[in-house]
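The chain contents come next:
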Amino acid sequence: MKIENRSVGDIHILDCSGKITLGEGTMSVRNAVREVLKNGGKKIILNLGDVNYIDSSGIGELVSSFTTVTNGGGQLKLLNLTKKIQELLSITKLLTVFQVFNDEKSAIASF
Amino acid sequence: MKTKSNKIEVSIGSALEYLDLVQTLTDCITRFMGFGEDAAHWIGMSVRESVTNAIQHGNKLDQSKKVDIRFGVGPDRLDIVVKDQGSGFNVEELPNPLDPENLLKPSGRGIFYIRSFMDEVEFKPLSRGGMEVHMVKRVPSN
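Quick mapping for you: the protein sequence lines, in order, are chains A and B.
Heads up: the first sequence runs through residues 1 to 111, numbered per the working numbering.
Heads up: the second sequence runs through residues 1001 to 1142, numbered per the working numbering.
These aren't lab readings, by the way, just hints derived from the structure by calculation.
Positions of the beta carbon are idealized from the N, C-alpha and C atoms, including for glycine.
Each hint should be verified, as a subset may be incorrect.
Said to hold, decoys possible - Which bits of chain B does chain A cover? Going by a derived footprint, with three or more residues having C-beta under 8 Å, they are:
| id | segment |
| --- | --- |
| 1 | 1041-1050 |
| 2 | 1094-1106 |
| 3 | 1109-1119 |
Unchecked claim - Each computed DSSO-like pair below joins lysine-lysine, with the alpha-carbon atoms no more than 30 Å apart:
| id | chain 1 | residue 1 | chain 2 | residue 2 |
| --- | --- | --- | --- | --- |
| 4 | A | K42 | B | K1105 |
| 5 | A | K38 | B | K1105 |
| 6 | A | K19 | B | K1065 |
| 7 | B | K1105 | A | K84 |
| 8 | A | K93 | A | K83 |
| 9 | B | K1105 | A | K93 |
| 10 | B | K1060 | A | K2 |
| 11 | A | K105 | A | K93 |
| 12 | B | K1105 | A | K43 |
| 13 | B | K1124 | A | K93 |
| 14 | A | K19 | B | K1066 |
| 15 | B | K1105 | A | K2 |
| 16 | A | K19 | B | K1060 |
Here chain B stands alone, though its shape is the one from the complex:
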């Protein structure tokens, strides 16, 4: 792990065992930035969901592939970028979990939750292969 100015970067192998580590790091950053308890919880969950997707669906648990997570700590916003080395996907083609036919499906809610709790979310295929998820949470002004 390295810290450079306002960026914190971590690269992990594609194993679910790292999720708690990433979650703990996220919690430390949101506490440092002064987010409230609820906002911090939902940011932590959004990061956990995106890293889970990267490990499980992106890299398909292939230990030789990495997941890169970058936190950009700004005065008024937190930027989080999660990159995998998988084959990518079209986010527009994902089924809507709110459709009645999908309501009882056991999976498919992670990205919906991320979009619900973060202020901005962008999915982008990478030219070298893989996906990048860019999430933003703004610090509420007092």
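Bound conformation, chain A alone:
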């Protein structure tokens, strides 16, 4: 699991790649999101295009990050869902919770 943080203005884009599974993967997402919040960032895009595997704990971590950011007065949006992540979010009704984008420009413009 690898996460690279880049900024476009005041928007933080976290490019995630690899596996978001219980343990190292979920901790990496949690730490990356908390790091942005700690440094005053409020607008976060999680780019999941290169996430090749996610389990229920990974989905839970996305929810947890969403709640943490929202409760802190920020916004967290999802970019480039793979077909499998989309299905996991869809059947657990989480697509109604997250704002999801298929291209980065639209995601950035939505803030």
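With chain A's structure known, arrange chain B on it following the hints.
Relative to chain A, chain B alone:
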């Protein structure tokens, strides 16, 4: 690990480090059986979720307790049984992750996913203590 006719059995300690090993074994079996890429992915995830539950919630990461996994490879179906040595639970009492009050909970979706992706799922308390999860995925007929 031992292979006997159409059964493959593996017993692991209660550590999350074994999850990738179990997942790799599952992927080999589903590939051998000719499942499609999507079905194989969801079977692998279901096994991973059930073994995670057995290690984490069943055996509570107690290294002295084992998780037994048995794959039954049939001509038209894959049976998977996962047993732990924990204190068991009542599956009917688990909160529904789709209820609005549970939607934003960080956990509680694993069993829902297993039930969504496998053709049959049965949870049974064991007389010696612990839980048994029996999952079935049928091989699609061409």
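Evaluation of the provided hints:
{"no.": "1", "hint": "1041-1050", "in the structure": "holds (count 4)"}
{"no.": "2", "hint": "1094-1106", "in the structure": "holds (count 6)"}
{"no.": "3", "hint": "1109-1119", "in the structure": "holds (count 5)"}
{"no.": "4", "hint": "A/K42 x B/K1105", "in the structure": "holds (22 Å)"}
{"no.": "5", "hint": "A/K38 x B/K1105", "in the structure": "holds (23 Å)"}
{"no.": "6", "hint": "A/K19 x B/K1065", "in the structure": "holds (27 Å)"}
{"no.": "7", "hint": "B/K1105 x A/K84", "in the structure": "holds (20 Å)"}
{"no.": "8", "hint": "A/K93 x A/K83", "in the structure": "holds (15 Å)"}
{"no.": "9", "hint": "B/K1105 x A/K93", "in the structure": "holds (12 Å)"}
{"no.": "10", "hint": "B/K1060 x A/K2", "in the structure": "holds (28 Å)"}
{"no.": "11", "hint": "A/K105 x A/K93", "in the structure": "holds (25 Å)"}
{"no.": "12", "hint": "B/K1105 x A/K43", "in the structure": "holds (22 Å)"}
{"no.": "13", "hint": "B/K1124 x A/K93", "in the structure": "holds (28 Å)"}
{"no.": "14", "hint": "A/K19 x B/K1066", "in the structure": "holds (26 Å)"}
{"no.": "15", "hint": "B/K1105 x A/K2", "in the structure": "holds (25 Å)"}
{"no.": "16", "hint": "A/K19 x B/K1060", "in the structure": "holds (23 Å)"}
In summary, this structure violates none of the numbered hints.
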